[in-house]
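**Student:** Chains as they are written, first to last, in the working numbering: chain A, 1 to 309; chain B, 310 to 686.
Don't take each hint at face value.
[As the list claims (entries may be wrong)] DEER-style ranges, computed between Cβ atoms:
{"no.": "1", "chain 1": "A", "residue 1": "Thr219", "chain 2": "B", "residue 2": "Glu333", "range": "46 to 52 Å"}
{"no.": "2", "chain 1": "B", "residue 1": "Gln466", "chain 2": "A", "residue 2": "Val242", "range": "51 to 57 Å"}
{"no.": "3", "chain 1": "B", "residue 1": "Arg666", "chain 2": "A", "residue 2": "Pro267", "range": "47 to 53 Å"}
{"no.": "4", "chain 1": "B", "residue 1": "Arg633", "chain 2": "A", "residue 2": "Lys205", "range": "32 to 38 Å"}
{"no.": "5", "chain 1": "B", "residue 1": "Ala391", "chain 2": "A", "residue 2": "Val242", "range": "39 to 45 Å"}
{"no.": "6", "chain 1": "A", "residue 1": "Pro77", "chain 2": "B", "residue 2": "Thr671", "range": "50 to 56 Å"}
{"no.": "7", "chain 1": "B", "residue 1": "Val672", "chain 2": "A", "residue 2": "Ser253", "range": "56 to 62 Å"}
{"no.": "8", "chain 1": "B", "residue 1": "Ala594", "chain 2": "A", "residue 2": "Arg307", "range": "40 to 46 Å"}
{"no.": "9", "chain 1": "A", "residue 1": "Ser253", "chain 2": "B", "residue 2": "Ala513", "range": "53 to 59 Å"}
{"no.": "10", "chain 1": "A", "residue 1": "Arg248", "chain 2": "B", "residue 2": "Glu332", "range": "45 to 51 Å"}
{"no.": "11", "chain 1": "A", "residue 1": "Ala57", "chain 2": "B", "residue 2": "Val402", "range": "48 to 54 Å"}
{"no.": "12", "chain 1": "A", "residue 1": "Ser253", "chain 2": "B", "residue 2": "Ala594", "range": "55 to 61 Å"}
Derived by calculation from the structure, the hints in this document are not laboratory data. Beta carbons: idealized from backbone N, C-alpha and C, even for Gly.
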Amino acid sequence: MTRLSECSKRELSEMLADTGIVLDIGAASIRVRSDSPALAQALGTVYGEFPVLDHDAFCEVSASILRVGGARRYFHPQVDFEVDGYRPFEPFPADTHLPLFEWGVNWTLAERFNHCLLLHAGVVEKLGVAIVLPAIPGSGKSTLTAALMLSGYRLLSDEFGVVRFDDGALLPMLKGAALKNASIDVIQARFPRARLGPSFPKTRKGTVAHLSPNAASVTRRHEPALPGLVVFPLYQAGVETVLETMGRSQAFSKLVVNSFNYEIAGPAGFAAACRLIDECDCHRLIYSDLDSAIATIDRLTASVAERRG
Amino acid sequence: MADPIPLRARHARLLLVLLTRPEESGPWSPVEWELAVRAARISKLLGTIHVRLTDAGLANTIPQRAAGLLEADLRVAQHRAAMARIELRGVDVALRDYDGPLLLLKGAAYSLLGLQASRGRIFEDVDLMVPKARLQEVEDLLTMAGWESETPDAYDQRYYREWSHELPPMRFPGRPMQLDVHHTIVPVTARFHLDAARLVAMAAPIVGSRFSALHPAHQLIHAAAHVFADSDCVSRLRDLVDIDALAREHGTAPDFWAVAFAEAARAGLERPLWYALDTCTRWLATPIPSALEGARSSQRPVAPVRVLMRTMLTHTLPPHSPERPGNIARGIAGRVLYLRYLWLRMPMRLLAYHAMRKTLRTVREKLKAPRVQADAD
């Protein structure tokens, strides 16, 4: 099957402008259209391992990144995010097309995906154990999630913990992992072979670059994983790694605060959150050194896997 | 055989198939399902469609991914209904010392009455109605209990109070539901002569609550007037589905139709009701007893008006196309129907004054121009 990274720049731009590029990210599919060749190229890098799909697949989100018309385009070009005929956001500067796409699709998924409990969390898996890393922005969640993928874990998602109501399994929602500011350099220094999309300076969150999900994660994007660990990461410059076991009730309340739709999900959301906490060991991980944080999670994962047999 | 679906746009056709003959969705391709789901979401009908397909025993025939999205919005509907009940509990407490009539309108009434129309329906806000003479008292009690007016603009405040049929929308800080307090169900400046006291007199208590609901005939007239006398008729399929559900459920009661036609005639609302029933029967196959044909046809507009209105409504009432939102025919029909709406809503002099104020403000706002700032996460 052809992958996006195998397409030429021209093929990608034509596909993007015509029928759109369909990204099957696991639990959902996204169709994106745009007349921006630069976006085509960025998607080709960040989603390089994803297969090229027929445009007539069922997509949960069908979005466009469109150039804003008018005289403004000559001296301050902008792009708009459009979904189903709506443009819910202020336009972005035209050279921040990929961040607008990523942000807009995340926003749309968070609005729509109410048939699962949606956590604001990174999710990775190893030895059959899914690790949920819920956190508020700025806690180093994306950095740690990215580092884990680059250290041999399967990435399920950098942004969404998608918990299925029936069986509590976590579904992959595989997108580019948004690294910000210093974490871009940290990841590049520690993992020189990591494939990152272009850097976008001057976004509202500073510089953003997206880590490309690796082939192993993309291949297994339709495989759910059973949760075994919930780790609340907190990056603090200069500290020694601290791992604290968390009580169930505290972990529960921290978990649901980090959910997009806990209230909407109603009783099913409550049941899913309870089940997740019951089935997992819950910890708080305060870290500054990535290697030590990874080693800690390795140890926790191995012990859960061993216990499960 | 005539085409059973009277619309041409593909997304609107698919949506009507789901609403009226869902068994025909069996052979749909993934792209057809996707388009239908998008159109249903734009119309806020995903939850309703989930309920209807389930009732028809077709839940298992929906492709899994589409079914997930239907379920997702059903959960939103259930959540909003729960929020509405919380709001009503708050209103109940806030109005402890109020002893006048207290009616629920639309969604809140459908929900407490347990009507079919409420199932899967996504609540936008909670609508109350009290007699005009008690409006100030009710507003004061709600304000003292913590509700706040959502309308900061002084002109808008005046517009609501003098020329509208409701108070400026209120909200209890931090709660998702908006509260609208009405004193009648059509704009007071409109060319209709609805007797609000009659609405109150014919209302009946809702069992198990302190609220009342409009007489079923008035519920139907209100739903019809809401679209065909009090709006530009753009993207109103959801309201049409409400009318259809009310007609089906109340329509089996003896006298219902006779009372509905008589009440509409008394209020000068026979034409909006005619448009509502005409569109519902043709689009949603709403059953109306054939014995009523005589009564209905006497209220029918002349042929050229009828044809023109039907054509324009075909363009405006369904949701916009998710793929091509800027349809020219829809845009033109929408403008014309907007003018019709203004014409129905207010006398010429007030209209001119109101248009001038709105234009001046639009110019002022254009100079400032705030819109939601997206966060690049």
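**Student:** Each hint should be assessed against the structure and marked as holding or not.
**Tutor:** How the hints compare with the structure:
As the Cβ distance of A:Thr219 to B:Glu333 is approximately 38 Å, the hint placing it in 46 to 52 Å is violated. At about 55 Å, the beta-carbon gap between B:Gln466 and A:Val242 stays in the expected band of 51 to 57 Å. Take B:Arg666 and A:Pro267: their Cβ atoms lie about 48 Å apart, and the range 47 to 53 Å holds. For the pair B:Arg633 and A:Lys205, the beta carbons lie near 33 Å from each other, so the given range of 32 to 38 Å is met.
For the pair B:Ala391 and A:Val242, the supplied restraint of 39 to 45 Å holds, since their beta-carbon distance comes to about 40 Å. For the pair A:Pro77 and B:Thr671, the supplied restraint of 50 to 56 Å is violated, since their beta-carbon distance comes to about 26 Å. Range check, B:Val672 to A:Ser253: about 49 Å between beta-carbon atoms, so the 56 to 62 Å window is missed. Hint check: B:Ala594 to A:Arg307, Cβ distance near 60 Å, so the stated range 40 to 46 Å is violated.
Checked against the hint of 53 to 59 Å, the C-beta distance between A:Ser253 and B:Ala513 comes to roughly 45 Å, which is inconsistent with it. Evaluation of the 45 to 51 Å hint for A:Arg248 and B:Glu332 yields a pass: the beta carbon distance comes to about 47 Å. At roughly 51 Å, the beta-carbon separation of A:Ala57 and B:Val402 lies within the given 48 to 54 Å, and the hint holds. Taken as a hint, the range 55 to 61 Å is violated for the pair A:Ser253 and B:Ala594, whose Cβ atoms sit roughly 50 Å apart.
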